[in-house]
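**Q** Here is what each chain is made of, one letter per residue.
2 protein chains.
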Amino acid sequence: MIDFRPVFFTIGILLTTLALGMCIPAIVDLIAGHSDWKVFASAAGLNAFIGVAMLLTMRTGETKMTTRHAFLLTTLSWTVIAVFGALPFAFADLNLSFTDAVFESMSGITTTGATVLTDLDRAAPGILLWRSLLQWFGGIGIIVMAVAILPQLSVGGMQLFRMESLDPSEKALPRIAQVAAAIGLLYIALTAICAALYWVAGMSGFEAITHAMTTIATGGFSTRDGSLGAFNSAAIDWVAVAFMILGSLPFVLYLQAVRGNLMPLIRDSQVRWFLIIAATAVTLMIVWQTLINGVRFGEAVRFVTFNGVSIMTGTGYSSTDFGLWGAFPVATFFFLMFVGGCAGSTTCGLKVFRLQVLYANTVSQISKLIQPHGVFIPHFNRRPIPAEASESVLSFFFVYIMAFGALAMGLGWMGLDFITAVSGAASAIANVGPGLGPVIGPSGTYASLPDAAKWLLSFGMLLGRLELFTVLVLFTPAFWRN
Amino acid sequence: MIDFRPVFFTIGILLTTLALGMCIPAIVDLIAGHSDWKVFASAAGLNAFIGVAMLLTMRTGETKMTTRHAFLLTTLSWTVIAVFGALPFAFADLNLSFTDAVFESMSGITTTGATVLTDLDRAAPGILLWRSLLQWFGGIGIIVMAVAILPQLSVGGMQLFRMESLDPSEKALPRIAQVAAAIGLLYIALTAICAALYWVAGMSGFEAITHAMTTIATGGFSTRDGSLGAFNSAAIDWVAVAFMILGSLPFVLYLQAVRGNLMPLIRDSQVRWFLIIAATAVTLMIVWQTLINGVRFGEAVRFVTFNGVSIMTGTGYSSTDFGLWGAFPVATFFFLMFVGGCAGSTTCGLKVFRLQVLYANTVSQISKLIQPHGVFIPHFNRRPIPAEASESVLSFFFVYIMAFGALAMGLGWMGLDFITAVSGAASAIANVGPGLGPVIGPSGTYASLPDAAKWLLSFGMLLGRLELFTVLVLFTPAFWRN
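Protein chains in written order, with the working numbering: chain L, 1 to 482; chain S, 1 to 482.
Honestly, the hints are just simulated from the structure, not real lab data.
Worth double-checking, as some hints may not be accurate.
Chain copies aren't distinguished; within one or between two, either way the pair holds.
In silico lysine to any residue, SDA-like type, Cα no more than 25 Å apart, as pairs [what the hints assert, rightly or not]:
1. Lys368 <-> Arg383
2. Lys64 <-> Phe4
3. Lys368 <-> Ile149
4. Lys368 <-> Thr66
5. Lys368 <-> Ser269
6. Lys368 <-> His69
7. Lys368 <-> Gln152
8. Lys64 <-> Ala478
All values derive from a computational prediction rather than experimental measurement.
Please build the complete structure, drawing on both the sequences and the hints.
**A** Dropping the structure here:
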């Protein structure tokens, strides 16, 4: 039997931290005079109790963290936070079932943004803040994971982003801890700047802070039923666009940019591809909106850019029901969902670097067809891609599509119509938020779905957020063998 | 400049053969006393003239067939036959536009089965026979291509099926010609048996022959507006199921079976996977139909098996509007479209062996995650898969999904609604025939689509039929460079 105590010890730390996090909405509700403060306080107490109990019982000086520990820890921490983070939703006066509470919490911590809540406009500030906090924690959590853990685990081609390969002169581990801390500070700074700009653009202080947290995390929870569209402000829309994009680029590059070295950010091919894909999709939809739907150019630019960037980055805000724009935009939104942003950002989806690796491999395949004896090595960011990383990405793509298909068929089995099943599956696995169609589209919510569908979607969000393989290895017998 | 004369010489042979083929419906119409015989006779004359002219002018004793010649020849022959095979549709009294005629012809030669024709029940026998003949030619054409050409070109992992690798003691080329001829005979024999069984089951002689040709070719053109459902005969449905499956298995294995060696057919893992996938999908849909829709068990078995096998194998017959069965079956039909049958059969789609290679690679990826220093070699049919073949299949999958997405978005741009665009794209690239939804679903036709959409779908059929890369290489500058 493998000694998994170090894993549970770390989970203990996380639960204790989660308890501390719950104190924030407790204080806010207490100040606002809302009785929900008791819910947060008791949930915090419960979490702290379990967390500290784990810290005390699972302590071990000897066992070292292995690859298996890392896999189990990653999946378990997201699951545990989703379940324990759901306590406030379950016990607050929202009348949520346990299923709904976990769905909302999982949607938060995975920065998806799908919601079962309506009447947000009249919800208590504590609950609204808790939703934003979950996404904010989820956002920084995934960046740190993408920098510190996934490259070491070689999940889905993430080995391309190993720190050692960037600078072999320094020792890996202390450097990674340093980088993670610096990224954390930067994350806080970006959130603060975003909140300030939202506030200048007309939001209240509370709204500015909660939306800043869900923007930089490309999460998409809003404090309004009408999402960001409820503010009906071009300034707010453009602030959101800017920070959704900032949340979608590799955060390590910002560190170098802050030190005055802008070149890595400017020369990074992943950043360029991301911007080119977004610009192409947005431009085509602007042409469609002006030509086919006769929308004024300025308005088309604003609404297409906002909703296009929101869906591609998996944020999931909406400022209008883009499901009504017609055939081409709906198809485009569907495929944009899968794209996502860059590795090492808060976004989910396939991620741009994988599309680059896939494209580079395809180009060398085609070259090889024409010159069977030629040698064509695919490149990423001006470096040759190791064959092992290519295979990893190619398999990832296959598993991604299979998982999407299985989710969609599962949702169909639960009675969801074709567009709801297919777009819901895509939206969950790519951590987007809204789907397409009248039920779960930008104007709908997930509230009316059957419980089984909510559990399946929650699992899909976890799967997508943790890059599939991190979760799937746990289902193989080999993982548990000694 | 590369000397492409051998390519055009071969196209000349094909056109002359096509002219001979057109004589058959000409004779049938003449006997039936229908004036369309003149259309076929003059189209045959035109084809023969151009064909013989090419034979005379493009003759060259020196230039040998190279890889590039093979690529150009493959794409060009399918395109040329689609265009010249469209002449009877354009000139007969069907009132078809040139676009519609080429669409119908391309749908025929690629064994897709999508149609723009209505009122088939009252159409002249010559036209009905010509549609069946096109699919029948297309079916044997693709088997021969899959045996003789694609493995040499290493397209999409087809190098796994190189003859030399099966039996290195024999010389490749004469052996391939022998095999192709034997498969041709077998194809004719299977068609004859299928026709006889259809006739015994109650079809007229003409219907039995035309349907036998489109069944074994997994094409799906019918002589009735209601497709095979118009016959409303369980016996006919089961004959169709049997021969659609026979058309979906690797024909080379039949050769060995005919010689008394059944083991290769029984032990072939691709055959097993194909049957398991089909059986799983059909079983689940039977459960759905009996439990959710309250269909009688016997009826559910018959209709689900028939329509499920028809869509998975890309035949495209329908015996009822399965689009009305509800959420799960519709989602299942959508994903089944992509599967297709085995390599070396008349089916299109991703093909089962690719799913096996993708699965095997994924399993070894996951094993590698758990034991980073282990060596895990994926296997196909009890042999290790060369890394080059794996990469080829993995890239194929990516390009397949991208091509599907591009087609769907293009169809959206042309104004098709989401389900029509998405299922139409899938149906075209996988050479299925019907799509989903009210427009192009099993009860509809492609007649009402805009011309641009028909051209795009025709291109999609060609792309899917020729395994994508065969067509795509022609669009690279490197192909045309010396």
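**Q** If a hint holds in the structure, say so; if it does not, say that too.
**A** Checked hints:
1. In this assembly of identical chains, Lys368 and Arg383 lie within 25 Å of each other by CA distance both inside one copy and across copies; the values are 19 Å within and 23 Å between.
2. Taking identical chains as interchangeable, the C-alpha atoms of Lys64 and Phe4 lie at most 25 Å apart only when both belong to the same chain, with a minimum of 10 Å there against 66 Å between chains.
3. Taking the shortest Cα distances, Lys368 and Ile149 sit within 25 Å of each other only across copies (16 Å), while inside one copy they are farther apart (35 Å).
4. For a Cα distance limit of 25 Å, the shortest separation of Lys368 from Thr66 across copies, 14 Å, qualifies, whereas the shortest one inside one copy, 40 Å, does not.
5. Taking the shortest alpha-carbon separations for Lys368 and Ser269, only the intra-copy value of 24 Å comes in at or below 25 Å, while the best inter-copy value is 28 Å.
6. Proximity of Lys368 to His69 under the C-alpha cut-off of 25 Å is restricted to the inter-copy arrangement: shortest distance 15 Å between copies versus 41 Å within a copy.
7. In this homomeric assembly, Lys368 and Gln152 come within 25 Å of each other (Cα to Cα) only across copies, at 13 Å, whereas the closest approach inside a single copy is 32 Å.
8. Taking the shortest alpha-carbon separations for Lys64 and Ala478, only the intra-copy value of 20 Å comes in at or below 25 Å, while the best inter-copy value is 53 Å.
Comparing the model with each earlier hint shows no violations; every hint is respected.
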